[in-house]
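S.K.: Assemble chain B onto chain A, guided by the hints.
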Amino acid sequence: MRVVAPFAIVAASALLSACGSSSSTPNQYGPNPTLPGPHRGLLPTMKIANPAGWGDQRPIAPAGYTITAIATDLKIPRQTLVLPNGDILVAEGRGGGEPKLTPKDFVASKLKAQGTSPVKGGNRLTLLRDSNGDGVYETRTVFAENLNAPYGLALIGNTLYVADQDALLKFDYRTGQTRASGPPVVLTPLPSAINHHWTKSLAASPDGRFLYVGIGSNSNITERGMNVETDRAMIWQVDAQTGAHRQFATGLRNPTALAIQPVTNQLWAVVNERDEIGPNLVPDYLTSVREGGFYGWPYSYWGQHTDNRVRPQNAAKVASAIVPDYGLGSHVAALGVAFSSPAMGARFADGVFVGEHGSWNRTPPSGYRVIFVPFTNGRPSGPPIDFVTNFLGKDGKTRGRPVGVTVDPKGALIVADDLSNTIWRVTPAAPRPAAAPAPR
Amino acid sequence: MADERNVAVRAGIHPLHAFLLAACVPLFLGALLSDWAYSSTYEIQWANFASWLLVGALVFAGFALLWAVIDLLRADRSWTGRPLIYFLVLLAAWVLGFINALVHAKDAWAKMPEALILSVIVAVLVLIACWLGLSTWRTGEVK
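If you read the protein sequences in the order shown, they are chains A and B. Per numbering that gives the first Met the number 0, the very first residue in the first sequence carries number 0; after that it's consecutive. Per numbering that gives the first Met the number 0, the very first residue in the second sequence carries number 0; after that it's consecutive.
Next up, chain A with everything else stripped away, as it sits in the complex (with noise of 0.2 Å):
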């Protein structure tokens, strides 16, 4: 017997160094991103955000590119809209509140909390108004308030729609208008039991008839069982005027930002994949969400790589998950999709825009940017390019975490910033559009 302690201990060493390796990191930008097999030491990797403020600090934006805050001290500001007139409109809030249900919860939520925001979240939607077109958005009211953690947002025609985090609602819209005339009426609820993955994406079909509502899963990896996923992780398509709605798209396990491409009419997500089997697995992916598609969640990802975390799996429905179009890097935790126009310099003219929050559960971090995914006919073509960085400064310190972004028609990418509580805009500081040659 008198083995059994010293053996054990040693044992108990050996596993606990064994995890949180670090790593190089394979490339998984694009269609077909290396996959390393499965693994987690006895505790999950944390690498939580070390948060500072600016300081003399900016984010940086590319050669010929400026960048200003055009509004600060929001309370926790993550998906924008652009009016037709050019105001901004700012969802601001925080969601979730999930039951804390093991030991690990206890203990995890009090780690990441320390990567964030200590602000309370807004609940409302701020309108921001630049009149002369100077840059300065000198005009700042409380467009809507006491909502319940608004996220996506749309407008379709006068009405506009806000997805707070139980509920899709309405408001009257009228350009112009700084303050909504009234309360919003409720089109359709929203799951929201548990609410793990709170946020409630948004996007307007081109026509206006529809609505399509992200939805993320109510989990990891179904570790609170499978009866909660119900629901979840998956992409609704809401009737914009009779809110009934249908499943358009499952299998997504967290689609934090929807897109319509234009042209094409497509639509498209940003979807932040699993966590807790390695850093460099599951690559977050930007994809073409196609109609009555499953997109693997829980059972496997990356098409048919089966998690074996998952009990009861499902073979049936692993052979028919589809492989995402773009991967975008492990635990970056896209947050905002835009597609580009040709008014943000020829460079940046066709693609897509990713703001990535920035990961947890990677040793080195890796998101905490913004980028740019160029496209040629219609799909995406060649690796990303850095468009905003600096939000994770060299000596370690977090300032910013970029989460919607949007494109201002007039030529100008809005990002939100719900680490420093800014809006952020980044403009060609040449003048606009089409004959201006490539900055390099």
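FYI, nobody ran anything at the bench for these hints, they're computed from the structure. One should not assume that every hint holds.
Stated by the list, open to error - The following label-pair restraints were derived from C-beta to C-beta distances: (1) A/His38 / B/Ser39: 22 to 28 Å; (2) B/Ser134 / A/Ala112: 45 to 51 Å; (3) B/Thr40 / A/His38: 25 to 31 Å; (4) B/Thr40 / A/Asn31: 34 to 40 Å.
Glycine residues also receive a C-beta, built at the ideal position from the N, C-alpha and C atoms.
M.R.: Just chain B now, with coordinates in the frame of chain A:
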């Protein structure tokens, strides 16, 4: 080899020490049964129960372990024989139990089968520790 004076002092463990030691038995056993239930039904609530039962067991076992080591330090000569074996078995149970708690923090089926295997080992160890700790070791020592 035993000194009779010393043996007379060590008449058995303190009642509160006995309570702490006994209390962790049903908790470790409950964790084992919950793990078995999860592994045979895939019903996640059993895994949640197992996680909490383990935390409770580690709290009680931790205090019992503390008491055992203090007893060892206070005794003039007990770094041999049954009190030491009792301490080492309880220490092994606690260390493996702690590793088991970390394994239980893995999501869904990722904890299996390690969680069930560790729960069996820890339950056996804690039964042995209890047997050693709760039997009076006066007679055994004097021989």
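S.K.: Does each hint fit the structure? Answer for all of them.
M.R.: Hints and how they fare:
no. : hint                            : result
1   : A/His38 / B/Ser39: 22 to 28 Å   : 27 Å, holds
2   : B/Ser134 / A/Ala112: 45 to 51 Å : 48 Å, holds
3   : B/Thr40 / A/His38: 25 to 31 Å   : 27 Å, holds
4   : B/Thr40 / A/Asn31: 34 to 40 Å   : 39 Å, holds
The structure agrees with every numbered hint stated previously.
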